[in-house]
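A.B. asks: Hey, can you work out the whole structure from these sequences and the hints?
Number of protein chains: 2
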Amino acid sequence: MNLILLFESDFQANATIATITGRRLNHVLSVCQARVGDELVVGLLNGKTGRGKVLSINQSMLELEVKLVEDPPEKLPLTLLLALPRPKMLKRILAAVSSLGVKNIYLINSYRVEKSFWGSPLLTEENLKQYLMLGLEQACDTVLPGISLRPLFKPFIEDEVPRIIRNTMPILAHPIALATCPYDIQKPATIAIGPEGGFIPYEIEKFIECGFMPVNMGKRILRVEIAVTAIISKLF
Amino acid sequence: MNLILLFESDFQANATIATITGRRLNHVLSVCQARVGDELVVGLLNGKTGRGKVLSINQSMLELEVKLVEDPPEKLPLTLLLALPRPKMLKRILAAVSSLGVKNIYLINSYRVEKSFWGSPLLTEENLKQYLMLGLEQACDTVLPGISLRPLFKPFIEDEVPRIIRNTMPILAHPIALATCPYDIQKPATIAIGPEGGFIPYEIEKFIECGFMPVNMGKRILRVEIAVTAIISKLF
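Those protein sequence lines, which keep their order, are chains G and P. If you're matching positions, the first sequence starts at 235 in this note's numbering and goes up one per residue. If you're matching positions, the second sequence starts at 235 in this note's numbering and goes up one per residue.
Rather than coming from a laboratory, the hints here were simulated on the basis of the structure. Don't take every hint at face value.
Copies of one chain are not kept apart here, so a pair can be met inside one copy or by any two copies together.
[Unchecked claim] In silico lysine to any residue, SDA-like type, Cα no more than 25 Å apart, as pairs:
1. K337 - N450
2. K453 - C266
3. K349 - N236
4. K309 - V275
5. K453 - G380
6. K453 - R326
C.D. replies: As structure tokens, this is what we get:
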């Protein structure tokens with residue numbers, strides 16, 4: 235947690251005094267070991283970043299005097315279409331892509347996504363938001379990426395993807411593609427990344443019909459979190 | 235585990251029949267759900283990769299008829315000088331850099347590395363090897379990266395680093411550097427990556443004296459595992 239994310243609800247009596255409890259307080263107590271007078275890096279969810287001066291702190295509550303003056307770092311002009319990962323990896327992957335500055339995320343279906351994943355209790359709006367906020371706290375960002383679930387592949391690729399990729403470079407990560415991933419493209423992109431085992435040929439055909447360029451990422455099979463980071467880092 | 239790593243000790247009576255137990259057997263039973271006659275991707279530690287045909291399988295043992303014919307994927311011409319991460323992150327970071335194909339790893343000291351990390355029971359040769367092998371199994375590689383511990387910064391940077399960086403592009407990841415990270419450098423590199431909080435000015439000076447080019451990775455603070463993946467992916 236390199237930035238303490240603040241919410242409108244933290245400011246009650248006064249517009250500049252935030253009162254913090256729970257996980258964030260525990261972090262400030264145990265990791266930052268902050269004392270009265272210390273300044274902490276803070277940011278308002280979907281707002282500006284700045285400093286919070288510790289007015290009081292104890293085991294149950296932290297009071298900060300907050301000055302929000304700077305814009306958060308810019309997002310990458312990037313939409314990620316990611317086959318829904320297995321639930322136990324979801325938290326880390328969403329935190330990673332959020333820390334990298336991805337602007338929009340669609341968690342999509344694919345033949346090789348296990349049906350049971352879509353029934354996971356982790357997939358609530360609130361949980362997804364929590365995972366994304368871990369990435370914001372890491373990267374000193376405040377702006378939540380957009381996130382949407384698309385449990386049906388066909389209507390998504392036919393009806394929505396053509397609009398999503400408009401004015402972007404659409405790229406499909408595909409292990410056996412001939413082209414290698416381009417570097418430093420300096421323009422908006424949409425990246426599609428398959429599940430463990432990859433998209434099936436029908437799905438790949440649909441992406442290519444839409445205009446996606448299949449690119450390989452080398453011979454090594456990487457964990458999704460690492461593959462996503464690798465492709466984003468080459469492109470931007 | 236996209237490749238089952240085999241050891242010389244798995245081949246006892248016969249040079250082409252491997253007998254497997256423990257963690258690898260559990261994976262084949264529960265994830266691959268392999269049956270007699272199935273072929274699995276295998277590789278001999280520090281040797282070739284190929285296929286293993288299931289001759290027999292039960293809860294206590296798997297017998298494979300092994301054909302090793304292909305070279306493993308090439309390593310990146312890259313040496314990583316990484317400030318020793320906190321022990322609970324070490325396993326994942328080593329698995330990640332091993333999966334990415336890093337050739338040599340030095341875990342080094344820095345003022346901001348907590349002294350206690352060097353006393354962690356995780357830092358045995360055997361444990362480090364295990365973590366690196368997780369990355370090999372992920373990436374279908376067989377060749378262990380070199381790994382060395384350097385708990386003293388000054389003798390390392392003064393006596394060893396000049397030799398390590400010879401004929402490579404030496405790069406220092408440094409948040410406030412003016413230069414951005416180069417792309418697709420097409421030559422050997424040495425990358426130095428600091429601890430949480432970064433190298434201190436004295437250390438940065440020493441790296442620059444050696445000839446390291448400080449580069450920034452953008453405004454976002456990334457987890458070490460993600461930062462390492464990001465810089466490697468830009469360079470290669």
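A.B. asks: All hints are to be evaluated individually against the structure, with a verdict given for each.
C.D. replies: Comparing the hints with the structure gives:
In the homo-oligomer, the alpha carbons of K337 and N450 lie at most 25 Å apart both inside one protomer (23 Å) and across protomers (21 Å), since each shortest distance falls under that limit. Taking the shortest Cα distances, K453 and C266 sit within 25 Å of each other only across copies (21 Å), while inside one copy they are farther apart (42 Å). Taking the closest pair of Cα atoms, K349 and N236 come within 25 Å of each other only across two copies (22 Å); inside a single copy the shortest separation is 36 Å, beyond that limit. For the homomeric pair K309 and V275, the shortest alpha-carbon distance inside one copy (19 Å) is at most 25 Å, but the shortest distance between copies (40 Å) is not.
For the homomeric pair K453 and G380, the shortest alpha-carbon distance between copies (21 Å) is at most 25 Å, but the shortest distance inside one copy (32 Å) is not. Within a single copy, K453 and R326 get their C-alpha atoms as close as 24 Å, and across copies as close as 21 Å, so both meet the 25 Å cut-off.
Hint violations for this structure: none, all hints satisfied.
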